[in-house]
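Protein chains: 4
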Amino acid sequence: MANFKGHALPGTFFLIGGLWWAVKYSLYYATRKNRNLGCLASKAVLRRLEIFEGSVMLSFSLIGMLAEQFVPDGPQLRLYDYGSHKWDHLMNWQHATMYLFFGLAGATSLAVHLTDIAPQALDRMLLGIALFIEGRHCSYKVLSMLPNAVSAFSHGTPTISVGFLFLYHLHGRDMLDVHVHQLLLYATFGGALTTFLEIFHRGNILLELLRATLATLQGTWFWQIGFVLYPPAGMAEWNLSDHNNMTFITMCYCWHFCFSLFAIAGVYGIVSWVVRSRLKRTPTMEMGLLKTMEREQESEDEL
Amino acid sequence: MANFKGHALPGTFFLIGGLWWAVKYSLYYATRKNRNLGCLASKAVLRRLEIFEGSVMLSFSLIGMLAEQFVPDGPQLRLYDYGSHKWDHLMNWQHATMYLFFGLAGATSLAVHLTDIAPQALDRMLLGIALFIEGRHCSYKVLSMLPNAVSAFSHGTPTISVGFLFLYHLHGRDMLDVHVHQLLLYATFGGALTTFLEIFHRGNILLELLRATLATLQGTWFWQIGFVLYPPAGMAEWNLSDHNNMTFITMCYCWHFCFSLFAIAGVYGIVSWVVRSRLKRTPTMEMGLLKTMEREQESEDEL
Amino acid sequence: MANFKGHALPGTFFLIGGLWWAVKYSLYYATRKNRNLGCLASKAVLRRLEIFEGSVMLSFSLIGMLAEQFVPDGPQLRLYDYGSHKWDHLMNWQHATMYLFFGLAGATSLAVHLTDIAPQALDRMLLGIALFIEGRHCSYKVLSMLPNAVSAFSHGTPTISVGFLFLYHLHGRDMLDVHVHQLLLYATFGGALTTFLEIFHRGNILLELLRATLATLQGTWFWQIGFVLYPPAGMAEWNLSDHNNMTFITMCYCWHFCFSLFAIAGVYGIVSWVVRSRLKRTPTMEMGLLKTMEREQESEDEL
Amino acid sequence: MANFKGHALPGTFFLIGGLWWAVKYSLYYATRKNRNLGCLASKAVLRRLEIFEGSVMLSFSLIGMLAEQFVPDGPQLRLYDYGSHKWDHLMNWQHATMYLFFGLAGATSLAVHLTDIAPQALDRMLLGIALFIEGRHCSYKVLSMLPNAVSAFSHGTPTISVGFLFLYHLHGRDMLDVHVHQLLLYATFGGALTTFLEIFHRGNILLELLRATLATLQGTWFWQIGFVLYPPAGMAEWNLSDHNNMTFITMCYCWHFCFSLFAIAGVYGIVSWVVRSRLKRTPTMEMGLLKTMEREQESEDEL
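As you go down the protein sequences, you meet chains A, B, C and D in turn.
Under our numbering, read the first sequence as residues 1 to 303, first letter to last.
Under our numbering, read the second sequence as residues 1 to 303, first letter to last.
Under our numbering, read the third sequence as residues 1 to 303, first letter to last.
Under our numbering, read the fourth sequence as residues 1 to 303, first letter to last.
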């Protein structure tokens with residue numbers, strides 16, 4: 001879905017997901033620090049949050065998969081066109097595959113928090129795999145764009161895309177297109193790396209907030225890509241082969257990152273403040289009773 | 001052995017190995033979680049499993065080395081042809097070298113679990129080295145294929161293969177050939193990295209299951225390579241220079257990964273369920289006696 | 001600001017910063033090792049040092065941002081020139097963006113040490129991000145220089161800059177220019193990596209001193225770049241396309257690194273010696289009283 | 001010193017160093033496991049071993065630096081030839097710089113084990129830096145060889161050397177020369193990485209033995225390079241542009257690695273066996289006395 005909507009939709013999902021994670025982990029961290037407010041966000045409540053998150057992720061992925069298959073110009077579950085002996089609607093199938101892995105991550109999250117059979121950090125591993133596969137798909141897309149750009153280039157000199165240092169020998173229309181997708185890779189692979197690190201450093205608030213930041217960054221950047229490549233009617237077109245635009249868009253990415261950092265910091269601050277102010281109002285005696293109830297619950301969880 | 005069998009055989013080995021690891025580590029994890037069933041899978045039993053695994057790996061490697069040397073068109077231990085002043089059957093020697101390192105890993109596993117002289121995680125280090133050398137051989141093979149492809153290319157522009165981001169300027173027959181082997185590298189180097197991480201995070205069930213998953217993925221992918229490059233009689237030939245086929249095969253790799261995840265999850269679930277159901281049937285009193293015996297054994301092991 | 005001053009100024013900042021870090025962390029380490037001299041550098045004193053550092057970093061960044069905007073030939077907060085339909089003074093905006101992230105790191109440091117709401121290692125994460133963005137900007141600048149160099153090259157063969165292994169096919173004036181900036185990347189990305197590692201290994205004196213060393217190296221190297229590319233009047237010009245100069249400058253970088261190591265080692269030695277000699281002169285009894293006061297303070301901090 | 005001796009000498013140093021490390025760390029590990037033989041290899045003895053190692057490394061480096069400067073055709077401390085306005089004997093200066101960093105590592109080892117002022121793992125950090133700089137010099141040398149090779153190549157297509165995946169478009173004499181040096185990089189950078197990891201996992205016997213293995217591998221490979229590129233009189237010349245030779249030499253590298261593994265395993269086995277057999281012969285009572293003496297020493301060390 002190479003149009004404005006096709007970038008705005010995943011952007012919205014990632015934006016919501018990033019902010020949601022910021023709320024969840026801030027709440028979790030604040031309650032860990034202030035142990036004596038079991039009533040506000042006990043382990044049982046947090047488990048329910050996780051189950052809610054897993055269900056939402058799973059259902060969104062299912063909807064996404066079905067949408068990619070059954071949109072009017074979709075493949076309708078047909079993969080091979082026996083008439084023309086060609087693969088059919090491969091792009092929709094690719095997107096459905098990506099959704100499939102996010103769906104797996106959601107299902108794993110449910111399995112981890114509903115049953116006690118799956119090992120603890122398994123949900124992070126699957127989420128990391130899903131982000132890695134998204135990043136790979138995105139980088140593959142960038143690379144498959146390059147030959148066209150190159151063939152338009154006078155001497156047939158190849159453009160080489162290596163790690164995250166990229167050469168910009170690209171000429172013509174594709175230059176900015178490739179560049180905005182390459183910038184996206186920082187957020188995607190950065191998120192995958194952060195999530196994998198969480199397997200070994202579970203409960204590290206910094207990694208959790210960094211993941212939330214990078215998800216938010218991905219979200220806003222998807223919107224930016226939509227505006228740059230497919231400007232809605234009435235907005236100025238971008239000159240996709242202007243080198244200055246490329247320099248600007250690189251800087252713009254830093255501002256998006258800066259905005260994401262502020263957004264997550266704001267959410268963290270508000271949640272921390274709410275938890276504290278509620279803590280002060282709760283009478284101490286009543287809490288004593290709640291605490292004993294909670295403690296049993298928690299010691300069960302920890303076993 | 002660039003034919004169907006030459007890919008199906010290692011594929012079968014890796015497939016069996018991956019599923020075996022899934023069984024072993026699930027069993028180990030389930031018994032660690034349910035400490036009070038020493039009789040089912042004590043440390044002594046697990047040690048015997050490890051010794052069995054090491055012996056199988058060692059003997060398979062020996063058989064592999066001998067087969068590579070003494071097949072009808074093999075080198076019969078001759079490395080240099082003094083007649084033509086050329087190296088003789090280098091490919092067989094390379095494969096034998098790879099088997100050698102897997103053999104070393106098997107022998108190390110035996111040394112670690114039979115004697116008490118070798119340090120604990122040494123078997124993982126050797127396994128990681130063996131996988132790394134397999135990956136290197138594979139990537140070297142990919143790279144040695146490139147010049148041919150490039151020389152067929154009009155302007156002499158080189159094709160660059162960097163990290164895991166690859167450019168697809170390849171034209172002609174080799175394109176898909178190179179691509180399916182490059183995809184294999186994810187599983188190989190991913191497995192090597194996972195195994196090296198296990199040196200520092202020994203007993204981490206997630207790393208162990210991820211290793212099993214990547215081994216299974218390698219196994220099924222070797223079969224896929226066989227079917228794509230050397231389709232058995234009666235099956236449709238693949239158009240090796242069709243760009244759509246390359247896109248499809250990339251997606252197909254994700255499905256193989258997905259299948260491997262399900263297979264390992266299935267094995268894990270079955271083993272966990274069997275351990276639990278056995279646990280319930282074992283009378284508690286009898287177990288008390290067994291536990292004291294086991295505990296002595298284990299405390300010896302841990303020293 | 002592509003002139004001598006434009007390199008000397010950040011050089012001076014990094015040089016001061018590196019030496020300051022060496023003093024701070026040596027002091028911190030020496031007092032941790034000699035617990036019984038609370039009066040010299042208690043946690044309260046160290047917190048004040050951190051707050052001072054954060055304020056200086058924040059104010060320097062603000063000054064830098066304002067300077068980049070309001071220098072005579074600066075953009076004066078104007079980003080887009082509606083007359084010529086072009087981005088305006090993009091380089092100044094880029095530099096201001098870099099200052100912005102160092103400012104964020106300073107502000108975070110203040111937030112961490114003034115309030116008790118922000119998680120502990122957050123200042124390191126922001127500092128790592130700021131260094132990473134500086135390195136990215138620097139590598140992007142290097143890459144944007146390449147096309148010019150390449151277009152001057154006979155066959156249009158691209159120059160490839162990959163990770164930290166670089167090919168030197170560059171001809172003409174830019175060769176040394178690109179090379180000295182590439183060498184800078186070791187210090188920048190090395191510093192970013194070190195700082196990120198400190199998130200997981202907080203208080204590791206080796207990482208802290210390595211960070212100080214790499215900051216000092218960056219500082220002296222910025223000065224070296226200034227002298228090489230924009231030699232002040234009266235000094236010999238460098239032949240920017242001589243291959244021998246490039247070999248020399250690579251070796252020179254090692255000497256700068258060696259000098260930085262000696263400088264940090266010297267600072268560490270002096271601080272350790274001062275702390276020890278003061279320790280001996282302090283009467284033990286008086287200290288006993290101070291210690292009890294300090295201990296309360298510290299146990300509060302640790303909570 | 002691009003001749004047979006110039007490769008045989010560092011080869012011998014690394015070979016001796018690797019085997020020495022194997023002896024030292026095996027001894028250390030064996031005595032840690034068998035705590036009750038303090039008399040054989042106490043911490044005091046091990047400290048003396050470290051000091052001996054540091055002194056040898058420092059003096060060898062000094063000799064190396066002096067030799068590079070004062071060999072008949074050396075620079076005699078002259079860096080710039082004011083007559084021809086050229087840098088003088090840059091290669092000797094480069095080698096002296098490399099020796100300098102190994103000398104620093106030796107001096108640091110002395111500082112760590114003679115005084116109690118330097119932090120513990122500092123010697124590993126400096127050793128890691130020295131190996132990293134050696135690797136960088138080596139990779140730089142490989143890259144500076146490439147343009148010559150490329151200019152001999154018909155279409156001016158560049159050869160790209162990326163990470164450790166290399167393309168072999170090189171034609172003519174340099175192909176094997178570049179390849180054998182590239183293979184060396186595995187051992188060098190692998191050793192640097194292992195040494196850096198030891199900062200965080202100090203005393204991990206596997207990392208220590210891996211470092212010893214990689215040093216031994218470097219040693220034997222330096223000899224191999226000497227034999228391939230500068231065959232002594234009477235030996236067959238290698239055809240440096242034969243692709244089969246390159247395939248063979250890659251496999252040969254695996255055999256060197258295999259040999260190194262066996263050598264280190266042999267040393268480890270012998271040391272373990274000697275320590276055990278001595279342990280059995282030592283009367284228990286006498287040891288009781290020695291142990292108390294040792295224990296005090298050790299508790300001092302640990303503080």
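The hints are simulated quantities; they were obtained by calculation from the structure and are not laboratory data.
Some clues are possibly wrong.
[Claimed, not checked] Not close to chain D: a few residues of chain C, all C-beta gaps over 12 Å, as computed:
hint: 1; residue: T12
hint: 2; residue: R48
hint: 3; residue: Q69
hint: 4; residue: D88
hint: 5; residue: L207
hint: 6; residue: A236
[What the hints assert, rightly or not] A short, non-exhaustive set of chain A residues, derived as facing chain B with CB atoms under 10 Å:
hint: 7; residue: T12
hint: 8; residue: G83
hint: 9; residue: T108
hint: 10; residue: L110
hint: 11; residue: L114
hint: 12; residue: G203
hint: 13; residue: W255
hint: 14; residue: V275
hint: 15; residue: R276
hint: 16; residue: R278
hint: 17; residue: L279
hint: 18; residue: K280
[As the list claims (entries may be wrong)] Not the full set, but computed from the structure, chain A residues with beta-carbon under 8 Å of chain C:
hint: 19; residue: N3
hint: 20; residue: L19
hint: 21; residue: I205
hint: 22; residue: T247
hint: 23; residue: I249
All figures in this text were calculated on a predicted structure; none of them were measured in a lab.
A virtual CB, placed ideally from N, CA and C, is assigned to each residue, including glycine.
Exercise. Return the numbers of the hints above that this structure violates; sort them in rising order.
Key: Checked against the structure, the hints that fail are numbers 5, 6, 7, 8, 10, 11, 12, 13, 14, 15, 16, 17, 18, 19, 20, 23, while the rest are satisfied.
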